[in-house]
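Protein chains: 2
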Amino acid sequence: MGIEIERKFLVRDLSAVSGLTGTRMRQGYLSVDPQRTVRVRLAGPRAYVTMKGAPSDNGASRAEYEYEVPAGDAEELLDRLALRPLIEKTRYRVSAGRLVWEIDVFTGENEGLVMAEVELPSEATAVALPDWVGEEVTGDDRYYNASLVSYPYRDWHRV
Amino acid sequence: MGIEIERKFLVRDLSAVSGLTGTRMRQGYLSVDPQRTVRVRLAGPRAYVTMKGAPSDNGASRAEYEYEVPAGDAEELLDRLALRPLIEKTRYRVSAGRLVWEIDVFTGENEGLVMAEVELPSEATAVALPDWVGEEVTGDDRYYNASLVSYPYRDWHRV
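Line order of the protein sequences matches chains D and Z.
Using the numbering used here, the first residue of the first sequence is number 1, and each one after it goes up by one.
Using the numbering used here, the first residue of the second sequence is number 1, and each one after it goes up by one.
No lab work stands behind these hints: they were computed from the structure.
It is possible that some hints are incorrect.
[As the list claims (entries may be wrong)] Sample of chain Z residues lacking proximity to chain D, with all beta carbon distances greater than 12 Å (derived):
(1) Pro85
(2) Arg91
(3) Val94
(4) Val100
(5) Val127
(6) Trp132
(7) Thr138
(8) Asn145
(9) Ser147
(10) Arg154
(11) Asp155
[Stated by the list, open to error] Interface residues of chain D toward chain Z, partial, derived using beta-carbon atoms under 8 Å:
(12) Leu30
(13) Gln35
(14) Arg36
(15) Val38
(16) Val49
(17) Met51
(18) Val69
(19) Leu78
(20) Arg80
Even glycine gets a Cβ: it sits at the ideal position worked out from N, Cα and C.
Based on the sequences and whatever the hints tell you, model everything.
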């Protein structure tokens with residue numbers, strides 16, 4: 001098992017990724033139960049099945065089990081088995097000091113949402129926030145990718 | 001992807017497995033949604049994550065994706081993430097003609113249930129039934145292992 005420790009923020013503006021080349025990701029879920037999510041992800045030419053356990057109380061840590069699988073299998077799993085809608089995004093990696101930020105620019109049903117995640121060696125690690133970083137949303141379950149299947153960002157603004 | 005084609009029967013008596021050595025299996029589910037089940041299985045020293053799609057109309061065929069994973073990961077997935085109860089059984093393999101039967105003797109919450117499955121090259125394959133074979137339950141969703149989590153066999157007889 002790995003333990004994933006990360007903090008998550010909204011992104012104020014796209015200056016951080018301008019000129020960078022990202023990785024297109026297409027992912028879907030076979031379970032969106034927060035106690036046991038099952039994600040299938042195509043990331044460029046590679047593919048993974050990832051299972052995550054319950055988030056810790058503050059939402060920053062989760063047990064995570066990830067296995068690489070053949071990309072052809074992942075395509076089929078996404079096309080045939082995964083819950084709708086799929087999550088589509090482009091991921092950019094940006095170094096800032098000793099930390100690496102992953103900035104996800106969502107498209108499709110979650111168009112308009114841009115989030116930045118930083119993976120940490122421990123929950124106590126101090127994080128210097130670049131100026132493009134906005135509100136922290138760590139532990140806000142609306143922003144879990146699994147939640148964006150059941151309640152996509154586009155629907156947040158409909159009344 | 002593989003397509004799993006199988007027929008499933010109750011077992012009349014345990015004569016078929018007497019004297020045989022079986023494999024202890026402990027398995028659990030991260031999704032019991034019949035459209036997308038996710039199973040973690042420990043089978044002796046080896047372990048697998050298996051995803052299955054919707055059963056065909058007659059219940060005999062399902063898309064199946066299986067990946068071997070480290071046994072230590074599977075132990076943790078079963079202990080920490082899987083839905084309760086876990087499924088415990090001993091599986092015996094018995095050859096009959098050109099076909100191989102898998103006979104599952106359940107313990108734990110499904111004690112008393114004994115099922116035999118035969119995997120087939122096509123749905124049209126004729127199956128000679130050994131005399132220990134009882135009622136066919138192919139397509140009866142109560143007998144899916146995933147269903148035995150939500151409604152274990154022991155509870156079938158409680159009023």
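- Is the Cβ of Thr138(Z) farther than 12 Å from every Cβ of chain D? holds, 21 Å
- Task: Classify the hint on Val38(D) as holds or violated, based on whether any CB of chain Z lies nearer than 8 Å to its CB.
- Result: Cβ of Val38(D) sits 5 Å from chain Z, so the hint holds.
- Identify whether the interface hint at Leu30(D) stands, where standing means a beta carbon of chain Z within less than 8 Å of its own. holds, 4 Å
- Message: For Ser147(Z), is the shortest CB-to-CB distance to chain D above 12 Å, so the non-interface label stands?
- Response: At roughly 16 Å from the nearest Cβ of chain D, Ser147(Z) sits farther out than 12 Å, so the non-interface label holds.
- Task: Classify the label on Val100(Z) as holds or violated, using whether its beta-carbon is more than 12 Å from each beta-carbon of chain D.
- Result: holds, 25 Å
- Message: At 12 Å, judged by beta carbons, does Arg154(Z) keep clear of chain D as stated?
- Response: Since the minimum Cβ distance to chain D is about 24 Å, Arg154(Z) lies beyond 12 Å and the statement holds.
- Go through the hint on Val49(D) and say holds or violated, using the shortest Cβ distance to chain Z against 8 Å. Where the cut-off is 8 Å and the nearest Cβ of chain Z is about 7 Å from Val49(D), the hint holds.
- Would you check whether Met51(D) satisfies its interface hint, that is, whether its CB is within less than 8 Å of any CB in chain Z? holds, 6 Å
- Task: Just double-check Asp155(Z) for me: nearest Cβ-Cβ distance to chain D has to come out over 12 Å.
- Result: holds, 22 Å
- Message: Hint validation: Leu78(D) versus chain Z, beta carbon distance must be below 8 Å. Holds or violated?
- Response: violated, 11 Å
- Message: Hint validation: Gln35(D) versus chain Z, beta carbon distance must be below 8 Å. Holds or violated?
- Response: holds, 7 Å
- Item | Least C-beta distance from Val127(Z) to chain D larger than 12 Å | For Val127(Z), whose nearest Cβ neighbour in chain D is about 28 Å away, the distance exceeds 12 Å, so it holds.
Hint compliance for this structure: hint 19 alone is broken.
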